[in-house]
Every structure is written in C-alpha cells, then in structure tokens.
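Undergrad: Here are the chains, one letter per residue:
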Amino acid sequence: MSKLKDKLLKNDLIKKLLTNDKVTLLFSLFKANIRQYGMFIALIAIMTYFFFATNGISVRPLNVNNIILQNAHIIVLAVGMVLVIVTGNIDLSVGSIAAFVSAVAAVLMVRQDVPWQLATFLVLIIGLLAGAWNGFWIAYVKIPAFIVTLGGMLIFRGFTLVVLQGVTLGPLPDGFNRLSSGFLPDLIDGSNLHVLTLLVGVVFSAFYVISMVLARKRKEKYGFEVLPVWVSVVGALIVIFAINLFTFTLARHRGLPNVSIILFIVIAIYTFISKKTTVGRHIYAVGGNAEAAKLSGINTRRTMFLVYTNMGLLAAVSGIIFAARLDAATPKAGELFELDAIASAFIGGASAAGGVGTVFGAVIGALVMGVINNGMSLLGLGIDWQQVVKGMVLLLAVWFDIATKNRR
Amino acid sequence: MASNLILEMRNITKEFPGVRALDQVNIKVVEGEIHALVGENGAGKSTLMKVLSGVHPYGSYDGEIFYAGELCQFKDIKSSELKGIGIIHQELALIKQLSIAENIFLGNERAKRGIINWDEAYKQTIGLMKKVGLDENPATLVKDIGVGKQQMVEIARALSKDIKLLILDEPTAALNEEDSTTLLKLIVELKKQGVTSIMISHKLSEIERISDSITILRDGKTVDFLDMKKDQVTEERIIKSMVGRDITELYPERHAKIGEPLLEVKHWWVDHPVYDRTIVKDVSLKVHAGEVVGIAGLMGAGRTELAKSIFGKAYGRNIRGETWIKGEKVDLKDVATAIKHGLAYATEDRKNDGLILIDNIKRNVSITNLSKISRRGVIDENKEIVSTETQVQALKLKYSDLLQLTKNLSGGNQQKVVLSKWMYTAPEILILDEPTRGIDVGAKYEIYTIINQLAEAGKAIIVISSEMPEVIGLADRIYIMDSGRMKGELNKAQASQEAIMQRILSTKVEV
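First to last, the sequence lines map onto chains R and V. Per this note's numbering, the first sequence starts with residue 375, numbered consecutively. Per this note's numbering, the second sequence starts with residue 5, numbered consecutively.
Because the hints were derived from the structure by calculation, they are not lab data. Don't be surprised by glycine CBs; every beta carbon is placed ideally from N, CA and C. Heads up, a few of these hints could be off.
These stretches of chain R come out as covered by chain V in the derived footprint (C-beta under 8 Å, 3 or more residues) [what the hints assert, rightly or not]:
| hint | region |
| --- | --- |
| 1 | 433-447 |
| 2 | 658-667 |
| 3 | 670-682 |
| 4 | 756-763 |
So here's chain R without its partners, still in its complex pose (with noise of 0.2 Å):
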C-alpha cells in the first residue's frame, strides 16, 4: 500500500493531487469507510452480474418490487439486530418474537373480530413486552445475553403454537395486507406511469439536495474542511440519479410498495438515533468498552434493557409484514430469520466484539443476501445452493474485514 503510494507520488500530477488538502480529506473519509462502501460496491457488482446472467430479468420493475417485499422483514430485523451487536451482544429469540405476534394477530383479527388497526396496535405493544423480557433478564439480572434468548426463542415459538393450536390461520383481512402488498395510490388513474411514485423521487432529491448544501454551510459556519465542491455535485448526482432510477423503475409496474415507505421509516429513524443522537452514542460506548462506559456516568443496564426492548419492536413489526404479505399466520414463520439478521449486520460491517457496526451496513447487508437469492432463483437454483452461497458470502465478508483492518 505505502509502496504504491511512493510510486504513485513520482508522478507530478499525482502528487499535487494526492497532497491536496481536500483531496486526502476524501481519502480518509474513504479509508474510514472502506468496509461500507466496499460493501456498497459489492452489492452493485452483484446486481451486475445478475442483470447479465438474467439477460435483464433482474431489474424488471416486476422484480424490483419482489425484492423489496420479499426483504422487508429481514431488513426490519437488521436494523433492530445492528444495535444489538453493536452492544456486543446477540438476540436469537426474534424469529420466535415474529411468529408469536403475527399469531396474536391473526387471532384477533380473525377469531376476535378485532379491527385491524387495532390488532397492529396491540402486537406492537406485545413485540415491546417480549423485547422488555429478554431487556429485564440480561440488563438487571446479568444473564448472558445468548442463553436469555435461546430461552426466548424456545419460549415464543412455544407460545406461538400455543396461541395458533399448531394450525395456519388465515386468510387476514385486507386492510392488514395491504400494509406489506399494498401500493401507494396514484394521482391519476389508468396512467401507464406511476405519477405520485415519480413525484416522491423528485421530492427526495430536493430534499437530498438542501441537506447536504445546509450541512456544508454549517461545516462552513464553524470553518471546518469541506469537499471540493465538484465532489459534492458529483456525489449528489449520482444519489439524485439512483433516486430516480429506482422510482421510475417501480413507477412502470405499481409504484411504491406500502412496504417501502415502512422501510424507508424505520431506516431513516434508527440512523438518526444512532449517528445523531445521546442514546445512539451509549449504545456504541457501552459496546465498545462497557466498564469504561460505566465510570463515565452512562446507565450502562438501562442501555441494555433499551436495546432489546426495541429488538422486540422491531420483530413485532417484521412478524406483521411477514404475516401481511403471507396472508396468514403459520406456525413455522419466523424460523432462521434471526440468523439472516445476524448475517446481514455482520455482512454489513458490524463487529462480534462489538461496538462497530451501522444501521446502513445492516440494511446493504440484507440487500446483498436478498439480491443473491432473488438472481439464484431466476437462473432456477434452488434454496439448497442459495445456503451454500449465502454462508459463503458472511464468511468472506467478515474476511474482507478482518483483511482490510488489518491494512490500517
């Protein structure tokens, strides 16, 4: 690396690039974030190789939207399990968690008559609970984290069974359903475009666009370094532009999924509490050392218990799309979704050791695996070899790491 630097630096135009202040400003930026955007990279080489190898296939709008409606769970689960590893922890029990309060649902909106809205409401409330039991065992009584939530794993799926009598219950209302197969009404009927879907892509990249020319002001504001502006324009050029691919490509099927817009909620909310906020920085200080947390005056059980009862929201809300989109509750739902979580935030950069780790990895990390199991289907290989190749990519994403950081 510092071989090629030094030959790199012979050449003259080279070296007047690489000693630009704000050119190594991006250079470490770069280097800080090799593991995301290696990541980033990763993922959009493998929806390369499956346009080819798919002759196309892949990117039809029809497809695009079976990946994200086929994903929504397991991304839900991501981002709540990036936090719980970020602690240096695990939670095995959110599978269980899942299927216990798609259950409780379908129960009450099909036995009970209970109105839909309300039933969401309820297993909301319920996934918190479950998430407070695992929170109360292992922040307060100091059991490890992974026998609490094997226990929960054994004891929800249990409950599971219990409330469903071992059968599947459906079919779930409408109103249910439509909250993960749903579409966002259009502004105007029988166009072949989506217009509302084109709509929100141009409102995102306005969006986009003042908040990134604020925070450059208020960087300014405090004289810090900022990128060159060519960079930012390219860099907003290219956010504005997958934008828009992406919505123009769902416009042409039925636009927006309801489910996206769950998604793009519960994203844009858990990346702003842990990049932006005093509870996000505990959460990482108490996993990166938590005696050291401790001796600096941040409730380190409090922390804990907040981590997992949040888990349990998260799967109460990935138990809801998963039952929405199924149309029932069965007693098997739910099964290994805790270990494509768990992939998914370790393929995404998170540390076992704990205390690295973000929502955004995480939320790649679910696409990497999704999009392989989506192209592999296409080309007719079967979930035995999707296995295979999904255990394969964890472990060389982990290796990249382990690569990478040792470089650095």
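Please build the complex by placing chain V on the supplied structure of chain R, with the hints as guidance.
TA: Frame of chain R, contents of chain V only:
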C-alpha cells in the same frame, strides 16, 4: 572488541509505514551482566527487543545481530528461543484458567506421541519453581496466585527452555514494592547462574540498584551507553539523556491557595461486590479547594475500590458512610449523580476502564458530558468537534486527527485523553488513580504540570499512586492506606518514604 560479548546488534534500522522506529541503533551486552534498556515511550525499546527475539523477522529490518559469536537471522520467536533467547512481555502471557505446570510447558508439553506425562511435568515444574523462589503446588491455577507470583511463573517458563539471554519488558510495572524487590533479587540470582538479562524499565531506582550497564534510546537512536562501574551514573544523568534536556525539578512548583473543604468522606465502609469480605473499613478523608492530597499504599490496599465506591458507587456492595460536598451531605447514588456534583474519577486502568480504545479521540472525550453538545438528545457534531478540540489542545495532546482511534496513541497521550474527558465535565473534585503509570518521564512531567494548574484553578485533587516519590513530590498532604483502613496522615514536611513505609508496616503488626 571485548570477546565476552553475548550480544551485539549493529546499525539496526526498522521502519513502519510512515515512521522510522529504529535508526541505526547499536547495543552491546556483555555475557553474564544485567543490561538496562531505557528511554521514553516510543523511543524504540520494545521494537528493538522484538527485532532481537524474531517477532520482527530477518528481512523486515536492516542491520546485523551477533549473538554468542555468530551472525543470527531469526525468522520467528521459535528460532530465537532455540538459540536461548527468551522474552517476557509487559502484559503477562499466561492463561489464567490453566495450572502453573500447564502454563510453564504450554506449547512445549512433556509428552510422547501427544500424550502428556504429568508426573514428569510436575516434577520439572517444581524444579523450575525452586529456581525462581516459588513454593506452590504445580496444579494451582494461575488465576489463584498474585500478580507477583504470576510474573515468577513467566520467568520459570522462560527458564524451562534453557534460556541464556532473558529479555524483560517492564517486569515490575504491575507489581507492588514487595513483589518488585523479590523479582529484582531473582534477576540478580539468575545472573549468578549465568543468565544474562536485558531489562526494559521506567523505574530508574531499580535500574540503579541492579544493572551493570545501561543503553539509552531516544527517538529510535542510541544516545548513550553507561557503565555502572566506570561512569558516574545518577538519575539526573539518565533522565537528561532520555529526554534530551535537563529536568532540574522532577515535580514542578505549585502556587495554589488552599481554601474550603470541597469533599469530605466520613466513616466509609464498602463490601466486596461478590464475596463476603469488607474491602474498605471505616475510612474518612477530606480534600480542600486548591489542595493535592495523595493516597499512598501498596497494591491491593483498597485505594481504587475506595475511589470507585465514592464515585457514584461504581464499586462494591453495602456501602455505608457519608459523603459531603461543599459542606452539604449528598447521596452520590450513581456515576451520573457524582458527575453532576462536580466529581471526576480518572481510572487506574486506562485500557480496560478508561478509554473506548476502538473509538476516536473526539467521542472518547465527549462521552462524559453529551448534554453539553446536545439538545433534546440530539448531538450537534460540529459543536462537539470544536469543544473537544479545545479541550485536548489545552492539555497539549499530540494527535494528528480528532478521529484517530485512541488505541493508536502512546500511553502518555492516552492518559491525556482520559484527563481531557474528565476536564470536559468541568469538575471541582478530581480523583486521579495512578495518573502516570506506564508513561515516560517527559509525559509524567506534563501530567504533573496539569495537576498543578488544576490545583491553582481551585480544584480539589486526590492522587492515588503506588510510587512513593510521586506521592511525596506532588501532595500537600498524604493519607496512608493499608488493608482497607486509613493508617495515617502526613503533611508535606513529615513525608518521606520511610515514614510512609513505617505506617504501612506498623499497621500490619497491629492487625
């Protein structure tokens, strides 16, 4: 060239990306002597020893190593061990859950075809322990013996490999006076048995006591070689070579006015968090504004436990007693409350309790006072950068970037980050637990200066230190603690090492 040289390293140069850690270093060690290697942190001592022991293999450095008369090119630790070079690292490399015998023969088991002969292993362990003056059951788990004895086990392990040259990297850093003395005696004893030693140490008094010659490194270069017999060697001389300047006064002068009492602790009792044992017994203490109070004592005297229990009950169970701040009785029920009342506690163990090593400087500093830079739980990162930068610059932290990870800083700079994070809470009362452990003379002086500035600004400061000269040099008043009890109080005029030791020892007789 004297023929009895066991080791000569010539023109050793070792580069890491961006840094030249060693620059044409030369060192000569005479067979059968104790050679001290001194220098500030980052001077290249450990790197030099890693080159010698093959941790940095041949080819990754320039220069030549002559050992026992031949040119050596070690490719790993195993190959240097085969030649009789053993290294004992600063951090103990024992597996605590295994027995003494298992540790001594780890990776070198007394075995035939993979089956271990335990009788033979135990017999040899007893023989080796005798050599280092240990009298323990070979089956005792390492975690059940003290740190001092663990160090002896390390040495026994080295001896099991038929070592002729023993390298010790700060062997007494984690030991108390008593264990240190035993260890130093052992090194002298080994010398009589023909083992040559190279000892890296920051404790100049130890070096003066046992070494025959000294090589001094500074900034990766050999700057001085001293022969204890021929040269007039004094502490000042060594320090001068180490830092390249005169430190006329090791402890800078302080002009603080002592004011009202800020913190008072009355009849403080603390039980062990797990075992049924009382760790702190009926301790009372007082510290005034502008005053530096020292707490002296041996390791395990209960000083850290006392400090942590005062600091928001961060240690212990069943805590009884009263805390008064500025004449008002307060209940410091958790760390956050203690911080709110103006208390700060800089931990003894920087790496395990003090810093989040995988996190950057900025976030390590701001963690103690996030409310300062946030509104309704949302952090203003720009404000954070400005305020933490001001703080670390006030303490003259050497860093390239606020986003540098703290694990990559030197010991002295890590300590400055710890101090920064506590200054960030604008405290009135600071408890500094072993503030200069494992850091070099130059950085120590800077820390002392900071302590003085704080006192001059009217803060109350408690310094816990196992190095008696430090307590004596710094403190206006000294408490002496032993076995969980306060066993005496000395003012600056009365303070001497003898007076402190006498109080520690007399209490032992008393109990």
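Undergrad: Confirm or reject each hint.
TA: Evaluated hints:
no.	hint	result
1	433-447	violated (count 0)
2	658-667	holds (count 7)
3	670-682	holds (count 4)
4	756-763	violated (count 0)
The structure fails hints 1 and 4 (numbered hints given earlier, in ascending order).
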